[in-house]
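S.K.: Chain residues, written in single-letter form:
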Amino acid sequence: MAKIAAVIASTHHPFYYRASTWTGADRPPFADEWAAKIGAFRETLTRARPDLLVMVGSDHFHQLWLDNMPQFLIGKAPYYDANYYNEEREFGLPRMFLRGDEELSAYLLRQGIDAGFDLAFSNELRVDHSITCPLITLRPQADLPIVPIYTNIFAPPLPQPWRFVDLGKTIRRLVESWPSDKRVAIIGTGHLSLELGGPRQFGPHGPDPEFDRKAVEWIASGDLKSALAEVSLDSLWLPGNATHGFMDFMLMMGVAGEDVAADYSDSLDLFHTMEAYFTWYPAEAS
Amino acid sequence: MSKYLLNKFLFTIDRDPELVERYRNDPRGTVEWWESERAGVILNCPEAEQSTWPAFTPAEREALAAHDYVKLFELGAHNFLLLTLFIAVFERDYEEPLAFQREFAARLSHWSLPYPDIGT
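Residue numbers (this note's numbering), protein chains in the order written: chain D, 1 to 286; chain V, 1 to 120.
If you're looking for bench data, these hints aren't it; they were derived computationally from the structure.
Be careful, since some hints might not be right.
What the hints assert, rightly or not - In silico contact screen, one side only, chain D against chain V (beta carbon under 8 angstroms); selected entries: (1) L66; (2) N68; (3) Q71; (4) R173; (5) A220.
Stated by the list, open to error - In silico negatives: residues of chain V with every beta carbon more than 12 angstroms from chain D: (6) D14; (7) R28; (8) S36; (9) P46; (10) A77; (11) E91; (12) R102.
Note that beta-carbon positions come from the ideal geometry of N, C-alpha and C, so glycine has one too.
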């Protein structure tokens, strides 16, 4: 059976690529500290020696639209082109080209549907910065095949938080039952408190530092019980109007396991967001 | 109320570099053209198979034509689409990084929770 080499959860900040590659007067003052933290975080994936990456993210109104909006979708394609004109325009992100792993995609779709998730699928998916930002931070050579999994954290009505957790638990179980000798890293990115297109956007910190402090503690300690007790679709509006992306962190907590503390945990208080980075190494992965 | 159509306008302009420039330079003309020619196009259907019913309310039409992102926020346009498109339209007019984004926030500072419903 396949082995889970690492479980990784982080924020995905589209400005990282530009901040870390700009030089001279354009380079922001926080770039060196940020790049150093990303370097250490990247090492946590490198040392896991993965063969392929399952990547959980969310389309930001690029390919998926309100005339036909899936809640959970798995890509099943031999290749994925990546990033869009408006991400190039706003964040300076490069166009990327990624290989897929159709065998694992097909397995997750068939078994996931049989496990009670009526998953949508896409045979031609152009992925966006929710998938490419973690590649840029964790595997910039982008040399491993991926299986992209998209969640709807964006266009109400959304699935409930517990459903994200259950999907994460299911993904974990299915990858571990996949008849393969591959080492699979499961990587998912979301947000802590975040405001976009609202009065609290782009302040000196994330819009709700207290939520961020609690959320980092829940993730680092695997405290799903507290997260599920305090987080609801309604409550997530309070820390910031884009905070529903935290449900992708909850999905990854489901992958990592209840009360399983992260082996690596770090964070960085940036302008307008708290960035956070977590890695778990399942015991059987060594 | 046609929040879906507001979002469809923002979405289809934002993804096309030529339309971003057209909307920046001639917002009223772009909105009139788009509503008559593009509003009914179903994005994954042949253009001949259009929807026949989508139309803006007068308030929506005027807010789009006036680049009035505060009013669009209040009408329930999706916050992400609003931010992304209006950064493309206005950020170049500001010298400091994030200055437009901060002005956007300041112009909405009279709002507290709950914000207008973005559900469609």
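S.K.: Given a cut of 8 angstroms on the nearest C-beta pair, is the interface hint for D/L66 held or broken against chain V?
M.R.: Result: holds, 6 angstroms to nearest chain V Cβ.
S.K.: Holds or violated: is the Cβ of V/E91 farther than 12 angstroms from all Cβ atoms of chain D?
M.R.: 8 angstroms, violated
S.K.: The hint names D/N68 as touching chain V; please verify it with the least Cβ-Cβ distance against 8 angstroms.
M.R.: 7 angstroms, holds
S.K.: Beyond 12 angstroms from chain D, beta-carbon-wise, is V/R102?
M.R.: 6 angstroms, violated
S.K.: Let me know if the C-beta of D/R173 comes in closer than 8 angstroms to any C-beta of chain V, holds or violated.
M.R.: 33 angstroms, violated
S.K.: When the nearest CB of chain V is found for D/A220, is that gap smaller than 8 angstroms?
M.R.: For D/A220, the interface hint is violated, since the closest Cβ of chain V sits about 28 angstroms away, which is over 8 angstroms.
S.K.: Does the claim that V/R28 lies off the interface hold, with its Cβ farther than 12 angstroms from every Cβ of chain D?
M.R.: For V/R28, whose nearest Cβ neighbour in chain D is about 23 angstroms away, the distance exceeds 12 angstroms, so it holds.
S.K.: Say whether it holds or is violated: V/A77 keeps its Cβ farther than 12 angstroms from all Cβ of chain D.
M.R.: Since the minimum Cβ distance to chain D is about 8 angstroms, V/A77 lies within 12 angstroms and the statement is violated.
S.K.: Hold the hint about D/Q71 up to the distance rule: shortest CB distance to chain V must be less than 8 angstroms.
M.R.: 14 angstroms, violated
S.K.: Does V/D14 clear chain D by more than 12 angstroms, comparing its Cβ with all Cβ atoms of that chain?
M.R.: 6 angstroms, violated
S.K.: Could you check that no beta carbon of chain D comes within 12 angstroms of the beta carbon of V/P46?
M.R.: Given that every Cβ of chain D is farther than 12 angstroms from that of V/P46, nearest at about 14 angstroms, it holds.
S.K.: In terms of Cβ atoms, is chain D entirely out of 12 angstroms range of V/S36?
M.R.: At about 20 angstroms from chain D, V/S36 clears the 12 angstroms cut-off, so the statement holds.
Comparing the model with each numbered hint stated earlier shows that hints 3, 4, 5, 6, 10, 11, 12 do not hold.
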